[in-house]
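J.: Taken in order, these protein sequences are the chains called A and B.
The opening residue of the first sequence carries number 1 in the numbering used here; numbering runs sequentially from there.
The opening residue of the second sequence carries number 1 in the numbering used here; numbering runs sequentially from there.
Simulated from the structure, these hints should not be mistaken for laboratory data.
Predicted model only: the values in this text are computed from it and were never measured.
Be aware that a few hints might be false.
Estimated spans, in silico, between C-beta atoms of each pair [said to hold, decoys possible]:
id, chain 1, residue 1, chain 2, residue 2, range
1, B, 65, A, 12, 39 to 47 Å
2, A, 16, B, 77, 28 to 36 Å
3, A, 46, B, 58, 20 to 28 Å
4, A, 80, B, 8, 34 to 42 Å
5, A, 71, B, 97, 28 to 36 Å
6, B, 27, A, 42, 17 to 25 Å
7, B, 84, A, 15, 34 to 42 Å
8, B, 77, A, 80, 43 to 51 Å
9, A, 108, B, 8, 21 to 29 Å
10, A, 46, B, 8, 18 to 26 Å
11, B, 67, A, 8, 36 to 44 Å
12, A, 12, B, 70, 30 to 38 Å
Listed next, the in silico DSS-like pairs over lysine-lysine satisfying Cα-Cα at most 30 Å (straight line) [to be verified]:
id, chain 1, residue 1, chain 2, residue 2
13, A, 73, A, 55
14, B, 57, B, 1
15, B, 57, A, 55
16, A, 55, B, 13
17, B, 57, A, 70
18, A, 78, A, 112
19, A, 55, A, 78
20, B, 57, B, 13
21, A, 78, B, 13
22, A, 73, B, 57
23, A, 55, A, 70
Here a beta-carbon is modelled for each residue, glycine too, at the ideal position from N, C-alpha and C.
Residues per chain are reported as follows:
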Amino acid sequence: AQTVTQSQPEMSVQEAETVTLSCTYDTSESNYYLFWYKQPPSRQMILVIRQEAYKQQNATENRFSVNFQKAAKSFSLKISDSQLGDTAMYFCAFMGNTGKLIFGQGTTLQVKP
Amino acid sequence: KAGVTQTPRYLIKTRGQQVTLSCSPISGHRSVSWYQQTPGQGLQFLFEYFSETQRNKGNFPGRFSGRQFSNSRSEMNVSTLELGDSALYLCASSSGLAGGPDTQYFGPGTRLTVL
Chain A
1 AQTVTQSQPE MSVQEAETVT LSCTYDTSES NYYLFWYKQP PSRQMILVIR QEAYKQQNAT
61 ENRFSVNFQK AAKSFSLKIS DSQLGDTAMY FCAFMGNTGK LIFGQGTTLQ VKP
Chain B
1 KAGVTQTPRY LIKTRGQQVT LSCSPISGHR SVSWYQQTPG QGLQFLFEYF SETQRNKGNF
61 PGRFSGRQFS NSRSEMNVST LELGDSALYL CASSSGLAGG PDTQYFGPGT RLTVL
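Isolated chain A, as found in the complex:
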């Protein structure tokens, strides 16, 4: 069975600084996607970034980038130039061929002014 683990329950960062959230996963599948979703206090789950396992290049979306280490089954999210609006819970998620998302426990990120 696939598992996703986020080992940092809470993190904080000063506005404009860089922060990295960690995620590890376990799977025997070769075709899968990895995601980071953001859930602000409104509880709306927002897609931040997606990484296809077959792509060697790390995905980037503006201030958000990932470090995808396939052999180590590691998938971290780097947020550059942190903004107050980045304050949220961040979920790492895995999707293989079953079509269902498997989520980590989440990391609460607080951006301080």
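We have chain A; now place chain B onto it with these hints.
T.: Positioned in the frame of chain A, the structure of chain B alone reads:
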């Protein structure tokens, strides 16, 4: 394109009652998935519907059921509500055509409180 919509946003029910939640996917998306989010269990997959058929199912009791209509809108029903069913219920849509991993986009959720 409009995003995923869910109605109602908030519900309060009592034990033993039943409830129906609704989800309208992004236009053109044919797959709708449902997730339950609780503080204790986190985010758990309930089921996925594609072209009016249940394609995947999570480990929830039969009190949880769903359906999908020809316009891809989906409903989720919970019968004989228990206190432990209090949760945020999230609906997500995707094209469903990939035949493998796909990207799901979420609605705002329905907050269900069972008293």
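J.: Taking the hints in turn, state whether each one holds.
T.: Tested hints:
1. 65/B with 12/A: 39 to 47 Å: holds (42 Å)
2. 16/A with 77/B: 28 to 36 Å: Since residue 16/A and residue 77/B have Cβ atoms about 48 Å apart, the given range 28 to 36 Å is violated.
3. 46/A with 58/B: 20 to 28 Å: holds (22 Å)
4. 80/A with 8/B: 34 to 42 Å: Distance hint for residue 80/A, residue 8/B holds at roughly 38 Å.
5. 71/A with 97/B: 28 to 36 Å: holds (30 Å)
6. 27/B with 42/A: 17 to 25 Å: Cβ of residue 27/B to Cβ of residue 42/A: about 23 Å, so the range 17 to 25 Å holds.
7. 84/B with 15/A: 34 to 42 Å: holds (39 Å)
8. 77/B with 80/A: 43 to 51 Å: holds (44 Å)
9. 108/A with 8/B: 21 to 29 Å: Since the Cβ atoms of residue 108/A and residue 8/B sit about 27 Å apart, the hinted range of 21 to 29 Å holds.
10. 46/A with 8/B: 18 to 26 Å: holds (21 Å)
11. 67/B with 8/A: 36 to 44 Å: holds (39 Å)
12. 12/A with 70/B: 30 to 38 Å: Violated, since residue 12/A and residue 70/B (Cβ atoms, about 48 Å apart) do not stay within the stated range.
13. 73/A with 55/A: Roughly 14 Å separates the two Cα atoms, so the pair holds.
14. 57/B with 1/B: It holds: about 28 Å lies between the C-alpha atoms, which stays within 30 Å.
15. 57/B with 55/A: Cα-Cα ~29 Å, so holds.
16. 55/A with 13/B: violated (47 Å)
17. 57/B with 70/A: holds (28 Å)
18. 78/A with 112/A: holds (17 Å)
19. 55/A with 78/A: OK: residue 55/A and residue 78/A at ~18 Å, within 30 Å.
20. 57/B with 13/B: Status holds; Cα separation ~25 Å.
21. 78/A with 13/B: Roughly 41 Å between the alpha carbons, so the hint for residue 78/A and residue 13/B is violated.
22. 73/A with 57/B: Given pair residue 73/A, residue 57/B holds - Cα atoms ~26 Å apart, limit 30 Å.
23. 55/A with 70/A: holds (10 Å)
This entry does not satisfy hints 2, 12, 16 and 21, going by the numbered hints stated previously.
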